[in-house]
Amino acid sequence: MIHAEGLTKRFGEVTAVDSVSLDVAEGEVFGFLGPNGAGKTTTVRMLAGLISKSGGKAEVAGCEVGNEADALRLRGQIGILPENVGLYEGSTAYQNLEYFGRLHRMDAVTLRKNIERLLRSMDLWEKRDAPVETFSKGMKQKLAIARALIHDPTLLFLDEPTANLDPEAAKMVRGTILDLRNEGRTIFLNTHNLDEAQRVCNRVGILRTRLLTVGSPRDLEARLGGRRTVVRLERTSEELASAVRRRLGSRRVEISGNALVIDTDDPDRENPEIVAALVAAGGRIVELTQPMASLEEVYLKLLHEGEAAR
Amino acid sequence: MRLSQAWIVARHDMQLLRQRRGIFLGLIAMPLGIGLGFPAFVGLVLLPRGGPNPASWAPMFIEAFAFWFVIGAASLPTSIASYSIVGEKVSKSLEPLLSTPTTDGEILLGKAMAALVPTLAAMWVGALLFQVLIDLETVGPFGYLFYPNWQMVVELFVTMPVVALVAIEASVVISSRVTDVRTAQQYAGVIFVPMIFVYVAAEVALPLTALNLLGLSAVFGIVALALYWVSVKAFRRDEILTRWK
Chain A
1 MIHAEGLTKR FGEVTAVDSV SLDVAEGEVF GFLGPNGAGK TTTVRMLAGL
51 ISKSGGKAEV AGCEVGNEAD ALRLRGQIGI LPENVGLYEG STAYQNLEYF
101 GRLHRMDAVT LRKNIERLLR SMDLWEKRDA PVETFSKGMK QKLAIARALI
151 HDPTLLFLDE PTANLDPEAA KMVRGTILDL RNEGRTIFLN THNLDEAQRV
201 CNRVGILRTR LLTVGSPRDL EARLGGRRTV VRLERTSEEL ASAVRRRLGS
251 RRVEISGNAL VIDTDDPDRE NPEIVAALVA AGGRIVELTQ PMASLEEVYL
301 KLLHEGEAAR
Chain B
1001 MRLSQAWIVA RHDMQLLRQR RGIFLGLIAM PLGIGLGFPA FVGLVLLPRG
1051 GPNPASWAPM FIEAFAFWFV IGAASLPTSI ASYSIVGEKV SKSLEPLLST
1101 PTTDGEILLG KAMAALVPTL AAMWVGALLF QVLIDLETVG PFGYLFYPNW
1151 QMVVELFVTM PVVALVAIEA SVVISSRVTD VRTAQQYAGV IFVPMIFVYV
1201 AAEVALPLTA LNLLGLSAVF GIVALALYWV SVKAFRRDEI LTRWK
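Read top to bottom, the protein sequences are chains A and B.
In terms of the working numbering, the first sequence opens at residue 1 and continues consecutively.
In terms of the working numbering, the second sequence opens at residue 1001 and continues consecutively.
Simulated from the structure, these hints should not be mistaken for lab results.
Treat each hint with caution, since some may be false.
To be verified - Okay, derived cross-link-like pairs now, EDC-like style, lysine to aspartate or glutamate, Cα gap no bigger than 16 Å in a straight line:
| no. | chain 1 | residue 1 | chain 2 | residue 2 |
| --- | --- | --- | --- | --- |
| 1 | A | Lys171 | A | Asp195 |
| 2 | A | Lys301 | A | Asp263 |
| 3 | A | Lys301 | A | Glu168 |
| 4 | A | Lys127 | A | Glu116 |
| 5 | B | Lys1092 | A | Glu83 |
| 6 | B | Lys1233 | B | Asp1104 |
| 7 | B | Lys1092 | A | Glu116 |
| 8 | A | Lys127 | A | Glu89 |
| 9 | B | Lys1092 | A | Asp219 |
| 10 | A | Lys113 | A | Glu83 |
| 11 | A | Lys113 | A | Glu98 |
| 12 | B | Lys1092 | A | Asp263 |
Model the full assembly from the supplied sequences, consistent with the hints where possible.
Dropping the structure here:
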């Protein structure tokens, strides 16, 4: 559905997006993670043909990005939820959707049907004749998603759909995204909410001007999260930590409450050594675990590595 | 360029106009004020107190008063166009609009039509009222029907649309560089100033004949062409999404 190679955007001397290459398959929910200013919105705008690219090439929904002849066809096949929903506040929910349906050149019957179906699915049908300015933030966000879906697009770009929402509204919107995923829609989701990415995305890419990595959340956790052994003890002490360090060499060993957190390269070989060292030093082991790193840890690690490489 | 697509944008913006009470009232009040106010002045003050043989001196005043419709056409669309563009910019609704299969030119044309159509319609209604009332007042003293005449035809169907276009294009260019509607309106109001000069000249020395009005329209036509080029450059999605304040 999306194929990009070396996609680049420069604003004067500043490179906002640097040689991004990625593929998104049909029916996939792809999460684009990155801090503010990483280039997520610029990438979406380039892929959607809203702004020109400075370099590289991309094909979206069978249309060549940047080809003027394909531009209208491309925008007809995608739906976009921008970071700022940009609804017409003085108009009703129905009028907002009707206007965008007309701009997508939908016939009156299909448009009426789609408006009703979408407003009902978003629980907004009863509010269809109410001005949008009377809606809560969550309702506005859902209406903006409905607007992006009005013409039944094959691909949906969602730019920070839960940013600035209270937890309840964010949950409501996340539920809507999960429903769309279950319908088999292809979704490109920009977010810096790692929990959201973990819950709804099949794969994620981490961007900081350059694309640092791509993979499923579980793959990334396993591949990049590093390995750690957590030993819970009856009582921890600096002596016990030193005993492990002496046995394993220059390993990072940290005391965290009543546990020692130890970086390991080869747990099968090193865990028995850790246990032996602790027992010999008088430690009383309650539990030994090998937790996976969270996506958040992977994300932060990659961003810090990226920062260090700059 | 699909006119039907531009018309969807224009119809929507004209619908939004009804929600902006200040502009909507201005759209009714200004043509009515000119269409009723000046004939009232002519009938109650000018003709009774202006001296004998009004057919020799009154037409110059009436023509100058009629020029207020051109001045109105320069001022009304700046409010509408500023709201239509800066308003969308402030409410961040331009990005969703640009995401639809509508070209930049169609959006620009739609917004221009949304400012031009109500302005011209309102001014033409006001001008019709003005001409009927002036005719009722002057047919006796003049001995002939003053309106319709060629001056008014040129003024309403050539000068007024050209001047309104200049005002709209100026608003588009200004709107791309400012962040609030009031500032856009104030800057766009500059277009009002040369019109006042023309008005004063008409009162003092320059008769607003059909030929003079055509000459004036030609000058504004050149300005309109230059501003069109600048406004098309300013109203490009790349510019709007990355450079507009």
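Note to self: Tell me the numbers of any earlier hints that the structure contravenes, in ascending order.
What the structure shows: 3, 7, 9, 10, 12
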